[in-house]
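Q: Now for the letters of each chain:
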Amino acid sequence: MIKRALSSLRLGFWSVPSAVLVAMLAGIAYLRFTRGLGAVTHLSDSFPWGLWIGFDVLCGVGLAAGGFAVTATVHIFHLKDFKPIVRPTVLTAFLGYLLVVVGLIFDLGKPWNIWHPIIMWNPHSVMFEVGWCVMLYTTVLSLEFSPIVLERFKLNRLLKVVKSVTPVLVILGVILSTLHQSSLGSLFLILPEKVHPLWYSPLEPVFFFVSALAAGIAMTVVESWFSRRAFGKPIETHLLSRLSRVSVIVLALYLAIRVRDLLGRDALSTLFPFTPTSAMFLLEIGIGVVIPMVLLASERFRASARRLAVTQGMVVIGFILNRLNVSVTAVEAATGHSYLPSVPEFLVSMGLVAVGMWIFVLACRFLPVFPEGPVAELEKRRAAREAEAGHPIHVAAAPGFDLFGK
Amino acid sequence: MAHRAILVDVTKCIGCGSCVEACQKANEQPAHEARGFDDQTYTFLMDRGNDTYVRRLCMHCENPSCASVCPVGALKKTAEGPVTYDADKCMGCRYCMMACPFGVPTYEWHSSTPRVRKCQMCAHRGAAGPACAAACPTGATSTGDRDALIAEAKKRVAGDPKTYHQRIYGLAEAGGTDVIFIGPKDSEALGLPRVKSETPLPELTWQALKHIPDVVLFGGVFLGGMFWLTKRKEEVARAEREGKGESHD
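In order, the protein sequence lines correspond to chains A and B.
If you're matching positions, the first sequence starts at 1 in my numbering and goes up one per residue.
If you're matching positions, the second sequence starts at 1001 in my numbering and goes up one per residue.
Bound-form chain A, shown alone (with noise of 0.2 Å):
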């Protein structure tokens, strides 16, 4: 019985070394609670924010942007063509979310603290918008998400009150997200010493913005392709196509506007003389914004769903790249203290990832995300049999998750 119940777990390839990641985790987190950051971190007085700010919760909560984007677009624009790829990116959102969560609940110096900003306001600070913004998305993302489980528990009142308020949850996701995308972008504004004039900019806020947005459309090409290799679903090339093709304009508007800027602030010079500092500003634009935009513009090439896949990789490793270079890059070059996170540091924030994707691999497989796909046939016809035979028939015929078969 356990036996069964454990193999209908099956993870594939990647358990192994996600449960090791995870063991790691925990006695990272023994440590750092027991004897400080300074026992597990490279963070320093000159240098207090490292790996667990600058990707935990940079990239995280950016690549999360594919949630208030695909919800709008489906929800608030009515382009219903995308419905099927709504609950994915929802998932992946809220995921996200938990993540920075978790994330900061290890880079906090005190996390038992985190809910003092509802009491203890200070309207000035963009870490007190942040937060606010974060816990009020959390909780909208965790309601557009309740849908799923509502279904999946046959909880039909409690659907039919959450469904008829879903406008006006969309409509709060979409502000919350405009404003804490930037805001994190703002949270530089503050260091206009302490940041290499490539990356500091009175316009951070708007370029956290633009380029969450297409890191939030590239994440939900990948990982769709992802679950089809995943879950055998159809995937629909010409929804990933036309949304690339949004790509393309998101890309080349934030190109525009980072280009004006440096130009307007006559920062291109520092490119000279040519250092890594400078390197590391030529690689996140190419592989990030240039490269993508020019394949993405053409017809013939986004034919491919996996051609699509590969370069809006590209994008969100160029964002990746971005989110590094303003918190760590351009800090290093600006004020001359070095940092490179520790190997704790990087276990914490692989394991996170790694966890991130075991829940979402384990929700795709208990719960209905993609309504049409083979768990939502599964469930059918187990219901249907049920009714045949009269009696309850035990789920363990979920299929097994294997990443890289088929």
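Worth flagging that the hints you see were computed from the coordinates, not collected in a lab.
These numbers come from a predicted model, not from an experiment.
Check the hints yourself; a few may be wrong.
Subject to a maximum C-alpha distance of 27 Å in a straight line, what follows is the list of computed DSSO-like cross-link-like pairs (lysine-lysine) [claimed, not checked]:
(1) K160/A to K1233/B
(2) K1077/B to K110/A
(3) K1077/B to K1154/B
(4) K1231/B to K194/A
(5) K1154/B to K1210/B
(6) K1210/B to K1196/B
(7) K1162/B to K1012/B
(8) K80/A to K1231/B
With the C-beta cut set under 8 Å, the calculated list includes, among others, these residues of chain A facing chain B [what the hints assert, rightly or not]:
(9) T166
(10) P167
(11) I171
Backbone N, C-alpha and C fix where the C-beta goes; we use that ideal spot for every residue, glycine too.
Since the structure of chain A is provided, determine the placement of chain B on it from the hints.
A: Only chain B this time, still in chain A's reference frame:
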């Protein structure tokens, strides 16, 4: 005391370290040699050669970045002058450390209940004022009302242009500070941090934050409007389809 400030006159400092010792005692830190800011050190002396010693301590900005960025108001600028810290409110985001243009706040990296550490101008001593000023044997560090101290600093600098560099450090930096320095050379030669901005840094953030109500208002109207418009379009389209269907029957 209207608005307390500290004046450091580098020309009078003999490098005896009484201020450092008094600071450690007043803040209940174990006596130790102070080489730089750390979780046990709020002030230290830099030996700049030629018998020139320069003190470092929190500048107690008029409009402090640290207090402005603190999401929970653990750091705050008091009406009396000192920028104080309340460890019970702090959640440990360390934004204050990022934001400080003078590189002052430090952190208890090796504690499981860490606090931000920095000079609080001995706010806990109340009217007695900062222990460093009380301990200084030469008057290199003095304390008093800000306006009176600035007048005094200007008088000394103007009265002896041979001894003093003419620029007073702290009047313009980051919009003005409550710790001001006068000395024999410019601030860079003295090893004080170069802060180019003469407007208070929190204003840079406010330029973005002030747009939030507009984003909520116009965003809400725009999105609500789009929802209504596109829904109507969809309904009309559906009605048309159905209408056609009927006419075919």
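Q: Holds or violated: are the alpha carbons of K1154/B and K1210/B at most 27 Å from each other?
A: Violated, at about 37 Å.
Q: Has the given pair, K80/A with K1231/B, been kept, meaning a C-alpha gap of at most 27 Å?
A: The hint holds at about 11 Å.
Q: With a cut-off of 8 Å, does the beta carbon of I171/A approach a beta carbon of chain B closely enough for the hint to hold?
A: holds, 5 Å
Q: Would the hint linking K1210/B and K1196/B be met if the CA-CA limit is 27 Å?
A: holds, 24 Å
Q: Would the hint on T166/A be counted as holding, given a Cβ-Cβ threshold of 8 Å to chain B?
A: Result: violated, 10 Å to nearest chain B Cβ.
Q: With the threshold set at 27 Å, check whether the alpha-carbon distance from K1077/B to K1154/B stays at or below it.
A: Holds - the C-alpha atoms of K1154/B and K1077/B are around 25 Å apart, at most 27 Å.
Q: For a C-alpha distance cap of 27 Å, please report whether K1162/B and K1012/B respect it.
A: holds, 14 Å
Q: Mind checking the CB of P167/A against every CB in chain B and telling me if the closest is under 8 Å?
A: holds, 5 Å
Q: Between K160/A and K1233/B, does the CA-CA distance stay at or below 27 Å?
A: holds, 24 Å
Q: Could you grab the alpha-carbon distance between K1231/B and K194/A and see if it respects the 27 Å cut-off?
A: Violated, at about 48 Å.
Q: Given the hint that K1077/B pairs with K110/A, does the C-alpha gap stay at or below 27 Å?
A: Given that 27 Å is the threshold and the Cα spacing comes to 22 Å, the pair holds.
Comparing the model with each numbered hint stated earlier shows that hints 4, 5, 9 do not hold.
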